[in-house]
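Engineer: So the protein lines, in turn, are chains A and B. Residues in the first sequence are numbered consecutively from 1469, following my numbering. Residues in the second sequence are numbered consecutively from 20, following my numbering.
Keep in mind the hints are simulated off the structure, nothing from the lab. C-beta: ideal position from N, C-alpha, C; glycine also. Treat each hint with caution, since some may be false.
Claimed, not checked - Below are the SDA-like pairs computed for lysine to any residue, each with C-alpha atoms no more than 25 angstroms apart in a straight line:
id	chain 1	residue 1	chain 2	residue 2
1	A	Lys1571	B	Glu55
2	B	Lys47	A	Phe1471
3	A	Lys1571	B	Asp205
4	A	Lys1560	B	Lys22
5	B	Lys22	A	Ala1592
Claimed, not checked - Which stretches of chain B does chain A cover? Using the computed rule of at least three CB atoms under 8 angstroms from a CB of chain A, they are:
id	region
6	31-42
7	46-52
8	57-69
9	104-111
10	135-141
11	187-198
12	201-213
Unchecked claim - The following residues of chain A were derived to be distant from chain B, with all beta-carbon distances above 10 angstroms:
id	residue
13	Lys1478
14	Arg1503
15	Ala1510
16	Ala1513
17	Met1514
18	Trp1516
19	Glu1527
20	His1529
21	Gln1537
22	Thr1580
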Amino acid sequence: MLFFDLPSIKRCVECRGCEQECPAFKAVKGYDPTRLNREILAGRAMEWFGYEMVWQCLECHTCTEMCPQNYSWEKVMTIFKAEAMRRGLVPKIVVRGIATFLKTGKLGEPKTAVRKALGLPDAAADGREDFLRLVEALGVWDRIHG
Amino acid sequence: MEKATRKILDLLELDYVDLDGFTCCPEKTLVRNMDESLWKAVAARNVAVAEKAGCGLTMSCTGCYSVLKSVQSELKTYPRIKREINESLQPLGLEFSGTQPIRHLVEVLNSEIGPGRIKALVTRPLKGKRIAVHAGCHLVRPSRAIHFDDPFKPTKYDQIVEWLGATSLEYSTKMFCCGGSLDRADQHSRALNMARVKLDEVKALGADAISTTCPECFRVYDNNQFLLQRDNGVQYNIPVITLQELLGLAFGMSPEELGMDGHKIETGAFMEGL
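Work out the full structure: start from the sequences and follow the hints.
Structural biologist: As structure tokens, this is what we get:
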């Protein structure tokens, strides 16, 4: 269930105290959560889930640390990300990452040959079996169906 | 990074074990935004694996640190969430209690080992070296869960660098995010732009190296710097030397012993004058 705290978003648009500290705002052309906030206040949030700006929030927590109302741009962007995930409107690399994670509990495997060349011990065994039982027990596949 | 970490832990005579049974921490952008209950349960399971073995957790990755500390803090604060998570861990024979510490390597080095023991091991002081420390966002944030250093002006990483005889530089983009998550969202050219912000300033300052402990920040400043130089014609040639490598070098180890020959950006210049 999508929930934006509209009074907080209204104050956020009026404040923008974190704007000049946000690394994405400074370095990513076109990244402007205030624009998104205005769209939410105008009742047009639905049109923005597939937009790439949603994935430009770095989750560095700069705004979260600064926010006088403990709301922040990051909160808005993560709501968008979660909803984009539910609708399948996500970058391909994210889909691949999730698939790998849900099958193995990890995002990659240790490189045995490299480890050997560096003289490192074999990587410890992972907890894949327990992880898969946890995914099953929590009914994750039913929730993210499709 | 792992090789250098093991080398310095051995030299500092820290007792550590490689435990079986871990999974991804799990990474936040991907997993938390997909399914928050799975994110918490998997993180709590990792902590519970360590607790069962009677061990605290220490990591070099700031991402893992921030995730595990966030979940630990939430479970310790809200008994209901802890109970729900433990219900899902129970069939696996695991329980999260929150009794074992979760510490970043910087925390262990700064607050437990401390300047006395570290300085005593220095045989090759990093004198004259000017280091741009990149602590990384998740070493200190979210501060409500981390409780370790200032979320905007952290100093503890810098202190360790100074104990080795080097100078830690003050610079305006010190806490500027590496932008690694843009690569994980298929926005590579934007990730490169992001890396340039810090690389430009550090180059202008004439720093001898960037230093980080986070594998993702390391990848950005080493590999993405390499790609910028190869494809965009800019020349930075700023070595990226992890804290573990700085310690190893100051303790008299060779770059090869520390696995530094695996870097994309040549580190040879850093050794001059040492």
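Engineer: Each hint: holds or not?
Structural biologist: Taking the hints in turn, this is what the structure says about them:
no.	hint	result
1	A:Lys1571 / B:Glu55	18 angstroms, holds
2	B:Lys47 / A:Phe1471	20 angstroms, holds
3	A:Lys1571 / B:Asp205	21 angstroms, holds
4	A:Lys1560 / B:Lys22	33 angstroms, violated
5	B:Lys22 / A:Ala1592	15 angstroms, holds
6	31-42	holds (count 6)
7	46-52	holds (count 7)
8	57-69	holds (count 6)
9	104-111	holds (count 4)
10	135-141	violated (count 0)
11	187-198	holds (count 4)
12	201-213	holds (count 8)
13	Lys1478	24 angstroms, holds
14	Arg1503	17 angstroms, holds
15	Ala1510	24 angstroms, holds
16	Ala1513	16 angstroms, holds
17	Met1514	18 angstroms, holds
18	Trp1516	15 angstroms, holds
19	Glu1527	6 angstroms, violated
20	His1529	4 angstroms, violated
21	Gln1537	15 angstroms, holds
22	Thr1580	13 angstroms, holds
The structure fails to meet hints 4, 10, 19, 20 from the earlier list, while all remaining hints are met.
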